[in-house]
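Protein sequence lines, in the order shown, are assigned to chains A and B. Our numbering puts the first sequence at residues 7 to 374. Our numbering puts the second sequence at residues 7 to 374.
Quick caveat, the hints were computed from the structure, so don't treat them as lab data. The model shown is predicted, which means the values in this text are computed figures rather than measured ones. Be aware that one or more of the hints could be misleading.
[To be verified] Per label pair, the in silico range of CB-to-CB distance:
no., chain 1, residue 1, chain 2, residue 2, range
1, A, 223, B, 250, 51 to 61 Å
2, A, 342, B, 120, 37 to 47 Å
3, B, 23, A, 8, 27 to 37 Å
4, A, 360, B, 103, 49 to 59 Å
[Said to hold, decoys possible] In silico negatives: residues of chain A with every beta carbon more than 10 Å from chain B:
no., residue
5, 12
6, 56
7, 117
8, 118
9, 129
10, 174
11, 235
12, 236
13, 289
Ideal Cβ positions, reconstructed from N, Cα and C, are used throughout, including at glycine.
2 protein chains.
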Amino acid sequence: MSEVYTVRRALLRDRCAAVGSAAAMVSRPANVRYLAGGAPPGAVLLLGPDEDVLVCPRAPTGDPVQGRTDDELRLALLPATDGDPVVAAADLATSSGAESLAVEEHDLTVARHRAMHAVAPRLRLADLGATVEQLRVVKDEEEIACLRIAAEITDQALGELLESILVGRTERHLALELERRLVDHGADGPAFSTSVATGPNSGQGRHRPSDRRVEEGDFLSVCLGANYRGYRCEIGRTFVIGTAPAAWQIDLYDLVFAAQRAGREALVPGAAYRDVDRAARHLLDSAGHGDGLAPWTGHGVGLEIDEDPQLAPAAMGKLDACVPVTVEPGVHLPGRGGVRIDDTLVVRPEADGGPELLTITTKELLAL
Amino acid sequence: MSEVYTVRRALLRDRCAAVGSAAAMVSRPANVRYLAGGAPPGAVLLLGPDEDVLVCPRAPTGDPVQGRTDDELRLALLPATDGDPVVAAADLATSSGAESLAVEEHDLTVARHRAMHAVAPRLRLADLGATVEQLRVVKDEEEIACLRIAAEITDQALGELLESILVGRTERHLALELERRLVDHGADGPAFSTSVATGPNSGQGRHRPSDRRVEEGDFLSVCLGANYRGYRCEIGRTFVIGTAPAAWQIDLYDLVFAAQRAGREALVPGAAYRDVDRAARHLLDSAGHGDGLAPWTGHGVGLEIDEDPQLAPAAMGKLDACVPVTVEPGVHLPGRGGVRIDDTLVVRPEADGGPELLTITTKELLAL
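Looking at chain A on its own, in the form it has when it is part of the complex (with noise of 0.2 Å):
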């Protein structure tokens, strides 16, 4: 297990060597838990000329390290209890014989960085960029692997809740019971603050939820996902309440629907990621819901539920295999509420089936 690890840091190193710096600093944590496994909140990763450091803040008691590391990685401790981290890996850098560090400037602090030049003045401290998070993009099978598991527990969790009875609780209870459920289920948690939306808050994208009860004729919009060894996956549904759903809810639920699977739809190896945003966004711009949509309408996933590539108007690059990504046009109108439809799929070539759904719970209209 741990040479996974020991070849993504070797890949960094390459990519490092090719930009004329022998030492790297990793800080963001999602990055240091990619190229180290598991570490300790606050530790950064030293990739030196000759070993790497997971320098470790000193942990208040107990083991300094829960969870997974790779045992390959030296463990330095900090010997001062106030140390920052990135300070004595500067420190480490220069000791070791470097005269450069690329760092992430994306993560540290303008006063970190300025902390470690102090301690380090000869170091010249060059930007890492993205480099990591580029690295992340594409998935091995053993990481679509958690993500297809952290996508069978949201599936469980939904389907639990589709079960009970809805009228008359609040969005912050049916919140609360969905992330329960996750954990139930073998979740390590949420994989991002659960949103549970009803009536006219319903269709909004990252909605907190309130105190508003659900009541009959309601749309309802959850949107959950689970946290499975890092992995986060993603899923969206809306449903109607009690009754029949009114015809502007067929009719809003069936134009949504038609621009997730436009999306869905689009995701092939090579295909640029504006133009999957556009298959799904042209639907709802020509429907005239243009204007109060999402700058995005997916994104990937995977130890962050925010990574790239983000599918976006804008956006540069094209679909590579084994990128998860979420689809997830939505509308909201506002005072009357809408539809959010969002999945986690694993691109995959044609030859191999196309697209892989990971969250698989129906995308039929439900009346709940």
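Based on these hints, arrange chain B on the given structure of chain A.
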């Protein structure tokens, strides 16, 4: 209500003027909330020479501002879907004639700082430092009222758990149950990830709940808190499960209890942070537990669960009245478990009755 925020911003403007900066940009989320009331995620506050502007990212759909906002603030919505509010703020500052802008270097990443410089190359970016964090240390009575309610909710949630059957349940389930009860009693959510630690895990400060089940004879330590209107409190208690406690358990409990009481009693206006820490620490030290101790024995609470001051051996500064802090010494014996006792209190002058204890759940050693 909005007057509070106006006064706070005026205070900050005075501090900025004192160091020669007519404009400031606040980006740290808790600081933005402190100065502006409710603000959407990612919003930054620009304190201009003439007016204050809350620069918000374009929300995916619906109302850009969920939650309370000060009406006196002009709300600037970014036109670009991908635009970063800090870049827009730099642009705004320049066009309002500012020559320098104080920013929070401990919050801003190097990449964002560079992007601000690129869009406004003639704007001198200075460091605001922890100015807003310092303003936040002493709370007003309205803030303390929120903390008091947060503590009441927390006590209720914990009290209900104590009445239920515990043996055989996992740490993870107990933690979720506590979080559900917090919300049931009116919390906006948990103030931080609830920690439940059993048997050999007990006594560790931020232990992440595992699948270990509660067993007879275990120590059980819990740490939880409610978030009420943004204000976060914390309580930690340790219990024994089932039979009467063993002698070593009683001894360890009595020791930590004495240390925690000493820390609480040291909370008087004018006391040095380090002296409060020492009051609690030296008892544990002299009993031979110095090595495994956490680097602090308490910290401020408010809009963040861990804010200034830190009660630690090297901390500089003295307590003021109306500063809410935790007192939370603990001892963890590797392989056996341990005890942590944690309260949230508000520093008050002796004439007002001394420290106000917000978390009132009993600290007797309960056998459950």
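Results of checking the hints against the structure:
Distance hint check for residue 223 (chain A) and residue 250 (chain B): the Cβ-Cβ separation is about 58 Å, which falls inside the suggested range of 51 to 61 Å. Checked against the hint of 37 to 47 Å, the C-beta distance between residue 342 (chain A) and residue 120 (chain B) comes to roughly 43 Å, which is consistent with it. Taking the beta carbon of each, residue 23 (chain B) and residue 8 (chain A) are about 56 Å apart, not inside 27 to 37 Å as hinted. In this structure the supplied range 49 to 59 Å holds for residue 360 (chain A) paired with residue 103 (chain B), their Cβ-Cβ distance being about 57 Å.
Residue placement check: residue 12 (chain A) keeps its beta carbon more than 10 Å from all beta carbons of chain B (closest about 26 Å). Even its closest Cβ contact with chain B, about 27 Å, leaves residue 56 (chain A) beyond 10 Å, as expected for a residue assigned away from the interface. Its closest Cβ contact with chain B, about 4 Å, brings residue 117 (chain A) to no more than 10 Å, contrary to its assignment away from the interface. Listed as a non-interface residue, residue 118 (chain A) fails to keep its Cβ farther than 10 Å from every Cβ of chain B; the least gap is roughly 8 Å.
Listed as outside the interface, residue 129 (chain A) is consistent with that label: its C-beta sits roughly 15 Å from the nearest C-beta of chain B, beyond the 10 Å cut-off. Every beta carbon of chain B lies more than 10 Å from that of residue 174 (chain A), the smallest distance being close to 15 Å; the non-interface claim holds. Residue-level check passed: residue 235 (chain A) sits 14 Å from the nearest beta carbon of chain B, beyond 10 Å. Every C-beta of chain B lies more than 10 Å from that of residue 236 (chain A), the closest at about 13 Å, which supports listing it as non-interface.
Even its closest Cβ contact with chain B, about 17 Å, leaves residue 289 (chain A) beyond 10 Å, as expected for a residue assigned away from the interface.
Comparing the model with each numbered hint stated earlier shows that hints 3, 7 and 8 do not hold.
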